[in-house]
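Enquirer: Put together the whole structure using the sequences plus the hints.
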Amino acid sequence: MKLNLLTTLRESNPIVLNAANFVTVQDVANGLNAIGASPIMSKEIDEVDEMVQMASSVAINLGTLTKLQIKQTKEMGILAAQAQKPVVLDPVAVGAVKHRLQTAQALLEAFPATIIRGNAGEIAALGGFDWNAKGIDAGSGSGDLDEITRKTAQKLHCTVIASGSTDTISDGEKIAHVYNGTPLFQAHVGSGDMLSSIVAAFAAVCADPFEAAQTACLVFAATGELLVNAHREVGPGTFSMYLMDYLAKVTKDELTDIAQFD
Amino acid sequence: MKLNLLTTLRESNPIVLNAANFVTVQDVANGLNAIGASPIMSKEIDEVDEMVQMASSVAINLGTLTKLQIKQTKEMGILAAQAQKPVVLDPVAVGAVKHRLQTAQALLEAFPATIIRGNAGEIAALGGFDWNAKGIDAGSGSGDLDEITRKTAQKLHCTVIASGSTDTISDGEKIAHVYNGTPLFQAHVGSGDMLSSIVAAFAAVCADPFEAAQTACLVFAATGELLVNAHREVGPGTFSMYLMDYLAKVTKDELTDIAQFD
Amino acid sequence: MKLNLLTTLRESNPIVLNAANFVTVQDVANGLNAIGASPIMSKEIDEVDEMVQMASSVAINLGTLTKLQIKQTKEMGILAAQAQKPVVLDPVAVGAVKHRLQTAQALLEAFPATIIRGNAGEIAALGGFDWNAKGIDAGSGSGDLDEITRKTAQKLHCTVIASGSTDTISDGEKIAHVYNGTPLFQAHVGSGDMLSSIVAAFAAVCADPFEAAQTACLVFAATGELLVNAHREVGPGTFSMYLMDYLAKVTKDELTDIAQFD
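Residue numbers (my numbering), protein chains in the order written: chain A, 1 to 262; chain B, 1 to 262; chain C, 1 to 262.
Incorrect hints may appear among the rest.
No copy labels: a pair is met if it fits in one copy or bridges any two.
[As the list claims (entries may be wrong)] Here are the simulated BS3-like pairs of lysine-lysine, each with C-alpha atoms no more than 25 Å apart in a straight line:
| hint | residue 1 | residue 2 |
| --- | --- | --- |
| 1 | LYS155 | LYS134 |
| 2 | LYS98 | LYS71 |
| 3 | LYS151 | LYS134 |
| 4 | LYS74 | LYS98 |
| 5 | LYS249 | LYS134 |
| 6 | LYS85 | LYS134 |
| 7 | LYS134 | LYS98 |
| 8 | LYS252 | LYS98 |
| 9 | LYS85 | LYS98 |
| 10 | LYS85 | LYS2 |
| 11 | LYS74 | LYS174 |
| 12 | LYS252 | LYS2 |
| 13 | LYS174 | LYS71 |
| 14 | LYS74 | LYS2 |
| 15 | LYS74 | LYS252 |
| 16 | LYS252 | LYS151 |
Worth flagging that the hints you see were computed from the coordinates, not collected in a lab.
Expert: Now the structure itself:
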């Protein structure tokens with residue numbers, strides 16, 4: 001785990017281009033800003049090329065896409081792949097909604113994702129495994145998540161993150177886990193989307209997607225844990241505000257002290 | 001008033017499908033999540049059928065609709081009615097903007113709403129009463145709100161909530177009132193939209209729309225009052241964060257202690 | 001500087017119509033509400049005429065516009081100019097994205113802006129000056145900002161605000177500065193967009209755009225400074241919540257005490 005990447009990220013302030021969903025977009029922008037990246041969002045196909053050229057990485061979120069936005073998002077992914085910029089895909093609700101799964105599959109045929117970040121239900125659906133997903137939530141599947149994550153990574157030729165109370169990360173061979181966190185991440189709707197874009201920020205400053213994914217998951221999860229340790233009384237609303245404060249101020253040493261991973 | 005419904009809601013975690021406006025959508029999602037429901041949002045007509053089937057209830061918000069979204073929203077309402085799932089309609093700004101009123105009327109001709117939740121100006125407009133509405137705000141009308149609410153419910157064959165410092169609820173015959181609350185609800189733009197979707201969450205776990213409406217209004221208003229009693233210094237920003245915390249932790253007993261309704 | 005305008009604004013509660021971007025729209029709505037204005041948002045061309053008539057001023061934000069929205073936004077500006085209502089333009093990212101610059105220029109050919117509010121990189125781009133803008137951020141240009149602001153105002157026949165740690169305001173002849181503020185404004189993504197709409201709220205209650213611009217900048221910047229003085233521990237997340245509280249409660253006397261401008 002290279003926590004030095006956090007310093008690199010803050011020093012280089014990479015531009016992360018987001019195809020964001022309209023539910024959580026403000027959290028995503030502020031989360032990127034807080035951690036030290038520079039967010040930019042677009043919904044218009046005519047500006048995609050220019051924005052991909054300017055960006056260091058791209059985060060594509062499938063939540064609330066319309067037909068027009070799917071077209072723009074596809075173009076964004078294709079241009080990013082041509083420019084060899086890392087692409088993170090967040091397949092919101094593909095575990096529960098077939099239309100979303102088909103959209104994700106069509107996009108992944110059009111361009112390769114560097115990293116895919118979803119909950120267990122979403123990753124299982126992409127990998128073709130049975131899982132009892134529920135709406136935007138992970139649901140109640142009970143398969144072997146290591147196996148599912150690894151196989152999905154193999155199938156889609158990328159790094160896969162199945163995030164949750166434990167984050168499981170695989171590049172198709174290696175498996176890593178991040179054990180830090182707090183249930184309050186699940187209590188706030190924007191957490192997963194924010195993590196996906198923060199993964200893109202780390203991928204912008206690290207040539208190895210597996211390492212970028214691991215580090216991003218640890219920084220995000222441990223930051224949440226640190227803030228809950230310091231503010232025991234927080235609920236989902238105050239947690240989401242403190243999370244921005246802590247993403248902006250957390251230090252490598254504080255993270256190292258509580259990091260739990262393998 | 002059946003405050004037991006709050007326990008039922010939290011235990012069954014119903015999926016509430018939202019046609020949300022882009023201004024307040026994050027608050028709506030987080031409010032639903034906090035109270036114990038599972039929010040899902042969509043803007044694409046091709047996924048509406050699947051989502052209606054998966055959802056326990058539907059909340060349709062007219063704020064910031066475009067032509068394309070009106071089409072999708074209409075389909076959502078028609079499919080929900082066919083599937084006999086409760087539909088809550090939030091007619092944002094119909095009191096002040098004729099185009100919005102016409103949109104609401106066209107939608108209500110296409111499918112029946114189970115419950116309509118608006119401020120006094122919006123409900124008066126739907127019922128055909130004079131009222132001096134102002135933008136998205138209730139405005140300064142002075143009609144008999146009981147009469148307006150009851151008549152609007154009769155006209156539209158549904159339960160109607162005119163929410164405000166006092167919430168007035170009618171199914172066309174019975175009238176109920178909720179007297180709890182705090183002026184900070186009006187000071188935060190997302191409050192009404194959040195209430196509408198929370199009404200949909202209660203309608204998902206209660207066969208009687210009038211009872212669902214009453215209980216949702218009481219839980220929401222009294223939760224806000226409880227938090228202001230505990231944090232006297234809050235303004236509109238901190239209120240909105242604490243509201244999520246309190247929606248997540250408020251108990252039936254705490255609500256019973258301060259409930260004021262008839 | 002006429003801080004009395006704050007009282008006028010709160011007493012008249014002007015409706016500000018916003019063509020908002022989807023990233024920061026909730027902050028914009030809540031910021032307007034907190035300061036004492038009545039926000040309304042629209043994305044549909046069919047309701048623009050009615051909304052312009054009802055509004056006291058208009059704020060047009062170029063962030064995340066699509067082709068359809070550019071069309072609607074153009075109509076909004078033209079109708080507002082015809083109705084002689086003040087129009088504030090926020091040219092998000094025109095310093096870094098040519099497509100955005102062309103969009104801004106096309107809009108400014110279709111209707112005159114009363115006030116333009118951007119960061120240094122955005123104002124420089126509109127004025128045709130070299131500046132090293134970065135994404136949505138001001139970037140690292142080092143030109144004479146007084147000169148750039150004045151010349152851009154002359155070129156576009158309007159009042160121009162280049163906001164930042166110091167705000168520079170010019171009507172093409174006079175130059176004003178506001179020195180209040182806190183770096184936390186830059187740490188929160190919605191700050192600039194919120195300021196633009198608050199400028200529109202002041203323009204709704206003040207016939208002189210230069211004076212409205214100055215006062216809005218001072219009220220906004222000094223309110224942020226006041227809150228940081230009172231809550232030394234805030235980071236970007238808690239700052240954004242307290243900002244709403246303070247915009248709602250700040251008094252003319254508190255602002256006068258710390259105001260720094262020329």
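Enquirer: Identify every previously stated hint that the structure contradicts and give their numbers, smallest first.
Expert: 8, 11, 13, 14, 15 and 16
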